[in-house]
Amino acid sequence: MTGSLPVAAQVDLRRQPVDDVLERVEAALQVELDRQALVRKRRSLGGRTERGTWVRIERRGFERIGAQGWNGTEAAAVLQGVAMPEWYQGVAWREPGEPVMWRADELELIASPSVGKAALVLEDPGLPDAWWEALNASLDALAAQRTPRIATPDTATITQEHVTQNLGEVFPGVADTRIERWTPAHADLTWANVMGPEFSIIDWEDWGMAPRGLDAATLWGNALAVPALADRVHQERRADLESRDGRLMSLFFLSKIVGPCAYEEDPLLTPAQKEAERLVAELQL
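Residues in the sequence shown are numbered from 3 upward in steps of one, following my numbering.
Misleading hints may appear alongside valid ones.
What the hints assert, rightly or not - Subject to a maximum C-alpha distance of 27 Å in a straight line, what follows is the list of computed DSSO-like cross-link-like pairs (lysine-lysine):
| id | residue 1 | residue 2 |
| --- | --- | --- |
| 1 | Lys276 | Lys43 |
| 2 | Lys258 | Lys276 |
| 3 | Lys258 | Lys119 |
| 4 | Lys119 | Lys43 |
| 5 | Lys43 | Lys258 |
Calculated directly from the structure, the hints in this document are not laboratory data. Quick caveat, the model's predicted, so the values are computed rather than measured.
With the hints as extra help, turn the sequences into a complete structure.
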């Protein structure tokens, strides 16, 4: 997609009336949503159905869809060896008169809740060893596969140019930002998108090829307010995070915390600044 595409108007689904959208989804998928327990986020909606499944609905502008299309959750159904909800069916449509697409997917309902209520965590969730074993097995299995899709973390297509620009703006001391290895990644591996105590990964709409270590860096970075948890992530994903690409991806994540949009109240800010100094020094050796 080029920059000449029309940009969709910003809409917050936490406040926008959505009854017409829910009715359309229910009719198309032949389900009944539990509207009293609907989960409303800025760009997406989610809810249980009367037949014990989960429906996820997302609104996204043309400029944020990219060349890979608009079916990430469906496309992820072919992945082997990754703990994730089974995909059953989906429906997509264009919002009349707007450069906007809607998509709804019906999925297996996962019994375990999200480990975190938000992307980051502020206390140790006390995850069992079996959880970490399943995390490792899933990320290793994912990295061993291939896809023509390109990951879109934060809905922005990740490219070498994008990485170089982000790191150059925040960490100009890192001269060589060249990525050596690209592997499939979930691209939004936050604590809100991993379930526990039984491990599973949800929300696959942005997955695709990405620099090695993107997922590990995202999970690690969002644990920095809980040092023991961040250390456990680093220990479990050491091979990724201590690779050169993994260090670059860690800085890529930290650039969003310590960069121009940093704010003092962020619980990640102080540990992120310390880790950024370490990583910059290591990459300069």
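Do the hints match the structure? See the list:
1. Distance hint between Lys276 and Lys43 is unfulfilled; the C-alpha atoms sit about 32 Å from each other, more than 27 Å.
2. For a cut-off of 27 Å, the pair hint linking Lys258 to Lys276 stands: about 14 Å separates their Cα positions.
3. A C-alpha spacing of about 20 Å is found between Lys258 and Lys119, which places the hinted pair at or below 27 Å, so the restraint holds.
4. At most 27 Å may separate the alpha-carbon atoms for a hinted pair to count; Lys119 and Lys43 meet this at roughly 12 Å.
5. Between Lys43 and Lys258, the direct Cα distance comes to roughly 21 Å. Compliance with the 27 Å bound is thereby established for this hinted pair.
Figure legend: structure checked against the earlier numbered hints; the only hint not met is number 1.
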